[in-house]
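Model the full structure from these sequences, guided by the hints.
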Amino acid sequence: MIVVADNLRITRPFIGRAVEQLDPAPVRELAIRCRDAGAEAIDINSGPLSRKPAERMTFLVDTVQAAVDLPLVLDTTNPDAMAAGLTACRRRPVINGLSLEKDKLARILPLATRYDCDLIAYLLRPDGHVPPDAAGRMESAIALFDKCQQAGITPDRLIFDPVVAPLAWQDGNRQNMAVLDVIRSLPDLLGFPVRTIAGLSNLTTGAPGSDLRRRYQSAFLPMLAAAGTTMILMNALDPSLLTAVGDCRRICADTVFTWQ
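So for the sequence shown, the UniProt record's numbering puts the first residue at 1; every next one is plus one.
Rather than coming from a laboratory, the hints here were simulated on the basis of the structure. Hints are not guaranteed to be accurate.
Restraint ranges, calculated between C-beta atoms of paired labels, are given here [what the hints assert, rightly or not]:
# : residue 1 : residue 2 : range
1 : 25        : 260       : 27 to 33 Å
2 : 71        : 193       : 17 to 23 Å
3 : 190       : 170       : 26 to 32 Å
For every residue, glycine included, the Cβ atom is placed at its ideal position computed from N, Cα and C.
So, in structure tokens, the structure goes:
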């Protein structure tokens, strides 16, 4: 699993202030910390960026690129901010993301075509809600794959996100077992080596403390690895989670295991 840091979020007060003031220091420091901890890509989650979207997304991309040489995942609901961020990227980025929602198909899908970048596809219903089971997610995968093919996006550019659900949801347990089923089934369903991503932090949304978040994320992480998840969007500054990722890689590797 490739570790994508989800730490750079505008909802964090110190990042929000840095973006408001166009102060690169906090953003740069966080990006460096994530890289040094073991992150292999960084998700820049700027939210909707309702004010000065192009300027602020460009600031974020430029600041992170100046600090670390890692692939970037651009995560915004504002198409203007997304376009500005894609323009600022020096290497092929990932758009996070597309779904069957009408507005996303109309405004995000053309950006993926224009900039020839990778694209995270959320397995949601057209109304933006999470499907109730694995079958619903796989129906969304087929529909999204067809839309992307029609837009000229090749299968190797797609990364499917089956949407990890908060455990606190009434059907959270069942939803996340469906996520694992989908990750295992997508390659056979679509007929090519599918890449997938899972947002590990979503699992513990609303958890009352960091110990419980760490405990349940650490339990679900090996399940995602065993299912064949390609990328994991997670807190890259939690040493115990990074250790678990390394251990999962060694257990799942094709090489001969050694304690050394």
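Here is how each hint holds up against the structure:
1. For residue 25 and residue 260, the Cβ-Cβ distance of about 40 Å falls outside the hinted range of 27 to 33 Å, so the restraint is violated.
2. Checked against the hint of 17 to 23 Å, the C-beta distance between residue 71 and residue 193 comes to roughly 19 Å, which is consistent with it.
3. Restraint check, residue 190 to residue 170: a C-beta distance of roughly 30 Å satisfies the suggested window 26 to 32 Å.
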